[in-house]
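Using the sequences and the hints given, assemble the complete structure.
Protein chains: 2
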Amino acid sequence: MHEDMSPETRLLRSTEALIYAHGINATGMDAIVKASGVSRKSLYRLYPTKEALITAALSRRDDRWMRWLIDGTSEGGAIQRLRAIFPMLREWFASPDFHGCAFINAAGEIGDPGSDIRAVSQQHKRRLLEYLNGLCGACGFSDHEEVARQLLILIDGATAVAMVTGQAGAADSAGRIAERLLQTPSPSDE
Amino acid sequence: MHEDMSPETRLLRSTEALIYAHGINATGMDAIVKASGVSRKSLYRLYPTKEALITAALSRRDDRWMRWLIDGTSEGGAIQRLRAIFPMLREWFASPDFHGCAFINAAGEIGDPGSDIRAVSQQHKRRLLEYLNGLCGACGFSDHEEVARQLLILIDGATAVAMVTGQAGAADSAGRIAERLLQTPSPSDE
DNA sequence: TCTAGAATAGAATGATCATTCTCCATCAGT
DNA sequence: ACTGATGGAGAATGATCATTCTATTCTAGA
Numbered sequence: 078m079h080e081d082m083s084p085e086t087r088l089l090r091s092t093e094a095l096i097y098a099h100g101i102n103a104t105g106m107d108a109i110v111k112a113s114g115v116s117r118k119s120l121y122r123l124y125p126t127k128e129a130l131i132t133a134a135l136s137r138r139d140d141r142w143m144r145w146l147i148d149g150t151s152e153g154g155a156i157q158r159l160r161a162i163f164p165m166l167r168e169w170f171a172s173p174d175f176h177g178c179a180f181i182n183a184a185g186e187i188g189d190p191g192s193d194i195r196a197v198s199q200q201h202k203r204r205l206l207e208y209l210n211g212l213c214g215a216c217g218f219s220d221h222e223e224v225a226r227q228l229l230i231l232i233d234g235a236t237a238v239a240m241v242t243g244q245a246g247a248a249d250s251a252g253r254i255a256e257r258l259l260q261t262p263s264p265s266d267e
Numbered sequence: 078m079h080e081d082m083s084p085e086t087r088l089l090r091s092t093e094a095l096i097y098a099h100g101i102n103a104t105g106m107d108a109i110v111k112a113s114g115v116s117r118k119s120l121y122r123l124y125p126t127k128e129a130l131i132t133a134a135l136s137r138r139d140d141r142w143m144r145w146l147i148d149g150t151s152e153g154g155a156i157q158r159l160r161a162i163f164p165m166l167r168e169w170f171a172s173p174d175f176h177g178c179a180f181i182n183a184a185g186e187i188g189d190p191g192s193d194i195r196a197v198s199q200q201h202k203r204r205l206l207e208y209l210n211g212l213c214g215a216c217g218f219s220d221h222e223e224v225a226r227q228l229l230i231l232i233d234g235a236t237a238v239a240m241v242t243g244q245a246g247a248a249d250s251a252g253r254i255a256e257r258l259l260q261t262p263s264p265s266d267e
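Quick note, the sequences are listed as chains A and B, same order. Residue numbers for the first sequence follow our numbering, so the first one is 78 and each next one is one higher. Residue numbers for the second sequence follow our numbering, so the first one is 78 and each next one is one higher.
Watch out, some of these pointers could steer you wrong.
Identical copies go unnamed one by one, so any copy, or any two together, can satisfy a pair.
[As the list claims (entries may be wrong)] List time: in silico SDA-like cross-link candidates among lysine to any residue, alpha-carbon distance up to 20 angstroms:
| # | residue 1 | residue 2 |
| --- | --- | --- |
| 1 | LYS111 | ARG203 |
| 2 | LYS127 | HIS99 |
| 3 | LYS111 | THR126 |
| 4 | LYS127 | ALA94 |
| 5 | LYS127 | ASN102 |
| 6 | LYS111 | ARG144 |
| 7 | LYS118 | ARG257 |
| 8 | LYS127 | ALA103 |
| 9 | LYS111 | GLY188 |
| 10 | LYS127 | GLU223 |
| 11 | LYS127 | GLN157 |
For the record, the hints were derived by calculation from the structure and aren't laboratory data.
Encoded structure:
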């Protein structure tokens, strides 16, 4: 299986899949060695500890996930791009191996706030917020930073609810909220 | 420490605190025995497996959390009660040992969909949704079930974002979104 | 073909895991 | 005081953990 990739790629791919499916602590190095086909020696030469490997795998997932989001929202103006996020989420939630946001799961599992794993999760949310912020700015919203924060909450909320309840329709509900935010960016009354 | 409580209460209390702080898999039975002051024999007599103990501890947390929410939103009419949720969340997020939603964390950590732990997490979200649904119904919204689902997404989204980023202000952003949902329950245009 | 270096499979290590067992102290009923 | 059961502390068990080591195979260069 996948012998045509470099050992490092095979390693990160397998690690990413295993920890997403079973969690970080429940995934042993043995399982990673077996799934990746990379020897223990090579593994520890590339990444000296399990934490370093997990960090690298999550960082790779950050890249892939952001590219998936950006590529899937590449048509139309900024508002259309923001709108396109929620149907994408719906498809993701309905995919058979969906298990929530890997970064929320990782941060929730790791207690130590100084862990590199927590730092990667924070960085992922920063990157996502930055992307949303750029689009909201292009929409001309005066309070675009606040709108971006609100969209982040909608995305992560829908993801968490879909993971726990199994209902992909959470993406639709979040999309309907987003629709309101995008229609009238500043509260009209009050 | 807390010798005046029953062994079962001490056990569940310590278990709840430990798994919330460090995760399920990273919490050993040894740590639970030491923290609770309950002997191994009594522990395994009350709960025959770790999973049973964790399930009971999470179920207790479900009760406590829901009571915390309901008691904190007991003043005024239904709309005021819904509004009161978000300031409560803000305080919770800012508390020193805040570590996200224990049920999202648990579901994210446990891979097996048939696990009892996942069932408790689902039940908690059902309970929370039911409470929101009751309040939304009392508000007279025609689409009160949808509004309740949307509020659930806001609550869980703010909780997840606050956990990963450490910013308690996520509760304020979610509260501002909720304000809009409560002001104009049905989309006026489209 | 011969050899040095690198990568492999997998055993060894020592810690920790959940769970069970052993031994001892406590205590109620007679 | 004696007995029988109960619960406690903590050792034993056997599995699994992350990490290191060993012994073997492969490969590149002369």
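key: Structure-inconsistent hints, enumerated in ascending order   = Numbers 1, 6, 7, 10 and 11, in rising order.
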